[in-house]
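Each protein sequence line maps, in turn, to chains A and B. In this text, residue positions in the first sequence follow my numbering: the first is 1, and each later residue adds one. In this text, residue positions in the second sequence follow my numbering: the first is 1001, and each later residue adds one.
Keep in mind the hints are simulated off the structure, nothing from the lab. Heads up, some of the hints might be wrong.
Far from chain B by the CB rule (all over 12 Å, computed), these chain A residues [to be verified]:
#1 Ile-14
#2 Val-69
#3 Leu-285
#4 Thr-338
#5 Asp-421
#6 Asp-422
#7 Ala-466
#8 Arg-473
#9 Leu-513
#10 Arg-560
#11 Thr-625
#12 Asp-646
#13 Lys-843
#14 Ser-856
#15 Asp-875
For the chain A half of the interface with chain B, some residues (derived, Cβ under 7 Å), not all of them [to be verified]:
#16 Val-169
#17 Tyr-171
#18 Pro-175
#19 Leu-177
#20 Gly-795
Just so it is clear, CB atoms sit at the ideal spot from N, CA and C, and this is done for glycine as well.
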Amino acid sequence: MKHCAKVLPAQGPIGIFVHHNTLHAYEPLPFEQGVEEAARRYGAEPYWSLAGYRAALAQGRIAERDLEVELRRELGDAADEPLAFGVSRLELARLLAVEVEREPSLATFEWMLTEGRAEPLLWQAALGAARRTPPSSTADVQLARGAGTLAQVHPVLIRLCAAFLDQGVAYWTLPALDAGFFAATARLLSLPFGPPIEWLRAAGQSFLELAQLDSGDVVLTCLDELGVHEPDWVDYVSERLLALPGWAGMFHQLEQRPDRAPVHAPPATLMDFLAVRLVLERALLRAGADGSSASPSPAAPPEPAFTLYALARAAGVTASRLAALDDDGCVRLGRFITRFDEVVARRVFQRAYERRYRIEVLDALAAHPPFAPPPPRFQLVFCIDEREESIRRHLEEVAPDCETFGTPGYFGVAMYYKGIDDAHPRPLCPIAITPAHEVDERPRAGRAKRLERRVAQRHALGVVAAGAHVGSRTFLRGTVWTTFMGLYSAVPLVTRVLFPRATAALRSHVSALSMPRVETELALERREHDAPRHGHWCGFTVAEMTDIVESELVNIGLVRDFTRLVAFVGHGSHSLNNPHESAHDCGACGGGHGAANARALAQMANHPAVRARLAERGIAIEPSTHFLGAFHDSCDDAIEFFDLPDVPDSLGTEVTLLASRLDRARGMNALERCRRFDVPHHRLGPESALRHVEARAEDLAQPRPEYGHATNAVCVIGRRARTRGLFLDRRAFLMSYDPTTDQDGAILTRVLASVVPVGAGINLEYYFSFVDQKHYGSGTKLPHNITGLVGVMDGHASDLRTGLPWQMVEIHEPVRLLAVIEADPDRVLAAAQATPSVWRLVKNQWLQVATLAPDSSAIHLLDDGRFVPYVPERDELGVQASSLAIFSNHRGPIAPVRVVAGPP
Amino acid sequence: MTLDLLASLLATSVVAAPLAAFAMLGLVRLFGRSTMERWSSRLVAAGFGLGVVGTVATALLLYVDGRDALVVHLGTWFSAGDYAFRVTLLLDRLSLPFMFLATVLCGTIAAFSARYLHREAGHRRFMTLLCLFGAGVLLVTSAGSFDVAYAGWELVGLTSALLVAFFHEREAPLVHGLWTFAVYRVCDVGLLLTAILIHSWAGTAEYGELLLGGAWPGGSTSLGATKATAVCLLLLFAAVGKSAQVPLSGWLPRAMEGPTPSSAIFYGALSVHLGAYVLLRAGPLLDQSPLASSLLVAVGLATALHATLVGRVQTDVKCALAYASMTQVAIIFVEIGLGFRFLALVHLMAHAALRTLQFLRAPSFLHEHHQLESAMGHHLARTGRHFERLLPERSQRWLYRLALERGYHDTLLEVWCVRPVLGVLRWLDRREHALVRWLGGRA
């Protein structure tokens, strides 16, 4: 069972969306082998479509030269040898990749023939030649797994699964839910007077007979009866599970991580799911349904004659020359066409595609002179998230005295956090970590009364809202409510649709006026002997805080020359019309907001006892330095500061100054984001751009509140000086790491372990959701229907859709993450090998790795397990005066450009 | 007199505007030009915006003039023998509020969809269908005769089915769209027969001549009790399909395959209420027929019970809303049957507004649920406890299963109606083939 479960999607309940490699189970294989095997197993796409790559070639996103290089690599030494008609293998392969249509519609072609738009003589010659070629082997044309299912089972099974896993949409829960899925289903379906469907009645009878058995025994009984022998169990069971991968995966996820259930964890087991499925299918088979009839016939192999025809035509070979080709030539040509099939063409294209962007980035990094900053006035630490690249760049542009750093957005503070307005604590840290500490937000001294009033008021509003929510759907309450209150909803209906931003502003204004505002702080400190509560420590001891602060500062290389004001900026996102809202939040916080983490780290670093201990460890922070927590909303670009009452009076003007600089930066950031949205961004200014993104966040009709991680492609691990002033188009994760302070590579090991799996997970999730939205992604979000608070279905009864919706990934460019690490190649290899999960990704090329020498512009690229020197294609780099000059009037991706600011 | 002319013009423009928008979008497509997304959604929104203005202005003019109703004769579409299809509109206290509702909702949905369907492959198709749908609804509501109403009724049915099957690259939407279409078509027969019977009995299908005296909801009819009963039963049959009442309610959850805004406006707001609307219009006929009225109440009650039970076990947001919608429409049916017509109209409009907003908020359900939990300070209380307290365990399970399987309605329909009909059709098909072979063999 464990083995079978690996093929299922690993996506948990949608409220906490954690990015991960969609094909995590295939990571032990090299990337290309992995995606191709998975494609065969799931009936999915391994790479982007041929049409997609061809369009990229036409638009210059792939250069002819990239294609040639990668074709040569694929074809080996024989590339230049002529294969037939004196045309080289290289040229034939290029034509096959770039021009030849592989899957013709024969009807269309016949029409073309009769209309005189095709060459009949050539076609005759091709037909003749095709008869002399060996038949292409179709042995590896494999059916999509799970396709040959008994689809009649699905409506019943989906309803049962949804009822069992429901977390609070339905008014009435499944009876006997606590007994488990199999037992509850058995009790339900074995009742008399059911529906007049033969097989379902029979299934009810089976459930009655099997009800006493354990679900594992039921599965064995069914397998036995279906005639599946032990060696085939894994294959058979996997196939059964893959018929509804979304639901099966959710059972598995809730079995593995019941703590991730949004409300209460039902006793879900995959074995129960399988038992129910098999009993239902057995009943259907017994009733005479043909299990294989539902399977679609495999796609016909490409017509060899047509490919030959198209190839000859593209190569400019005349009919007579094709007809004159000898048998040997036909065989060679036929073999070549079979071997260089569409998957190979796409594989080569994918490498060429990655090559182009890799060269753009590496050339830029090599040519970009390290930035020698003036002594900074402010230091700000952001998340490594590629969406923060632009706001950092704009901040440095509008205020060159700002120095920025990047670190995973949970700021090293792994905790459960409960804000004053939250109902439950939630974990804020990467999914791999289970926090041991809990931190609560509490009112500041003298504010407890106000908090009580606030809680009471919110509760009262909540009661009304909950009453309306339930009441509007029921019989009697619903009648009264709709008749008397219904007409009032016309007002929000019209205003929220037509004026989303103004309506939201009005609402928040009213709530700010009426709701008592409470100044708060974090209950952060715990004394050594305090007892844990619910298994968590309530807060951190001074020693723990010191460790956290030290490790954070050391990781990013900020250990001396602190400015008077240092800000930690967490990020998150809020939006409507977006079941995948959490996927836009901070990945390092496990799909949560990084606000509390930034605030906590600042509060820790301000703690006098922590500072004293840090000084003992060699990190001297001046008493005049103050740390400030802040939050950046990546959807509406709002920025908020925390704990302002704690800022010393002497720094008041500094805070105001920083706020005004961030204000300008966020306006420019909004403007840069607008270029990707379909708005006339060249007519917008920073102010109007901000208004636009604010409206997007509050718009019920907006399927793209923000683009999330789309277009992510690079991860630079090194000093900001190496990338500062480089326009990276919101495509680069930027992790600060100072190789000069890392004596033995221990820091790098730590950094890689925390950055690589997260970055590669995000990158690969976008890759797969983009290249196959049907199997890996969740398709267009328009018909999405939230089910049981755990996931979305298409329409009213489908499988749970996993992966990302099309609207999130549509502008993505599917390339593997290119990690550029500022360190010596040997050190990078050692650091990557030190962590198995990192090494597996690196070794199997699920991401590309390059190094940038700390003291020169030398670059090495990891190729087949060893680093080889990289020779830049061009050594000059485009220069512009500002980011604005670069991105205005551009919608598509932009290659890295150097920004050299004019006089301040 | 000029006031009359002005009001007629305005009222006509309300129906004509979406039709004109449809025609423009359609013609542009027909000539192979591609319309800009922005341009087409603006055109549609403008069409409905004009409708809102036209409706309000007409109502104001009538009010100023102190009149209850206005009949607009737009001429004859076609005639055959004694019969002439006269295009007549009736603007009164029933149609004007509903037209206002329809234009406001359609306009809002057009604005919503412009953003919601942005960059979607079927954007223009959606907008075109939305126009046609809006025009259909406005025709049904402003119709001055059963003939005109039938024309609008057909447009609504066709566009609804096409929008359920909007995502035609997947199989499920097509299957469910077809089911919806079939139910609609079968029930359309009710309205068609109504129009025919009324013509043959009363010589006219014009409301103005048929339903005499008094402003809505008053009025009476000259048709005898028996004839009125027959007509009402046919109307009820038509309304049961359109408004998803028992036993033909199964298409409503299936209709959730389309994009969210079409689910909102069709199945939350306008389409489902059209059945109730024609029954409201036929009020005087219902007065004549206690039998039809009681049947109406019975259907409504049965549906309300069915829908509230089934709705309580729905685990996805849109189906839960669909059944909530069905419950309220059923109660509106009961109100009409009991003669509370004014209440029914208010209930209908209020329900349409409320449900549309709820449907539009459906994709934000997680967000709102989270906010609600934080406001309450704990997980929401478990609902449905009284079922567990009041019912014995076994009947609880039985009822739950009944609800989960949606009352077996669609299954029964399939077993009792669809299969026999298909069987007969296939048998006929085989006979025909055999006959053709036989004829061919002889030749």
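Hints, one by one, checked against the model:
1. For Ile-14(A), the requirement that its beta carbon stay farther than 12 Å from each beta carbon of chain B is not met, with the minimum near 7 Å.
2. With 12 Å as the threshold on Cβ separation, the claim that Val-69(A) sits away from chain B holds: the shortest Cβ distance comes to roughly 34 Å.
3. Residue-level check passed: Leu-285(A) sits 20 Å from the nearest beta carbon of chain B, beyond 12 Å.
4. Every C-beta of chain B lies more than 12 Å from that of Thr-338(A), the closest at about 30 Å, which supports listing it as non-interface.
5. Here Asp-421(A) does not stay apart from chain B, with its beta-carbon only about 5 Å from theirs, under the 12 Å limit.
6. Distance check for Asp-422(A) against chain B: the nearest CB is about 5 Å away, which does not clear 12 Å, and the non-interface claim fails.
7. Interface exclusion of Ala-466(A) from chain B breaks down, the closest Cβ pair being 6 Å apart, not more than 12 Å.
8. For Arg-473(A), the condition that its CB be more than 12 Å from all CB atoms of chain B is violated, with the nearest at approximately 4 Å.
9. No beta-carbon of chain B is positioned within 12 Å of the beta-carbon of Leu-513(A); the least distance is around 17 Å.
10. Listed as a non-interface residue, Arg-560(A) keeps its Cβ farther than 12 Å from every Cβ of chain B; the least gap is roughly 42 Å.
11. Every Cβ of chain B is farther than 12 Å from the Cβ of Thr-625(A); the closest lies at roughly 35 Å, confirming the non-interface assignment.
12. Annotated as non-interface, Asp-646(A) keeps its C-beta farther than 12 Å from every C-beta of chain B; the closest such distance is 26 Å.
13. Interface exclusion of Lys-843(A) from chain B stands, the closest Cβ pair being 38 Å apart, more than 12 Å.
14. Taking the minimum C-beta to C-beta distance to chain B, about 45 Å, the non-interface status of Ser-856(A) holds against the 12 Å cut.
15. Chain B leaves Asp-875(A) outside its interface by the beta-carbon criterion, the shortest separation being 39 Å against a cut-off of 12 Å.
16. Contact between Val-169(A) and chain B, as hinted, is supported at the beta carbon level, the nearest pair being about 5 Å apart and thus within 7 Å.
17. Among the interface hints, the one on Tyr-171(A) holds; its C-beta lies about 4 Å from the nearest C-beta in chain B, closer than the 7 Å criterion.
18. Checking Pro-175(A) against chain B by beta carbon gives a least distance of about 5 Å; that is within 7 Å, so the hint holds.
19. About 11 Å separates the beta-carbon of Leu-177(A) from the nearest beta-carbon of chain B, more than 7 Å, and the hint is not met.
20. Taking 7 Å as the C-beta contact cut-off toward chain B, the hint placing Gly-795(A) at the interface holds, the least distance being around 4 Å.
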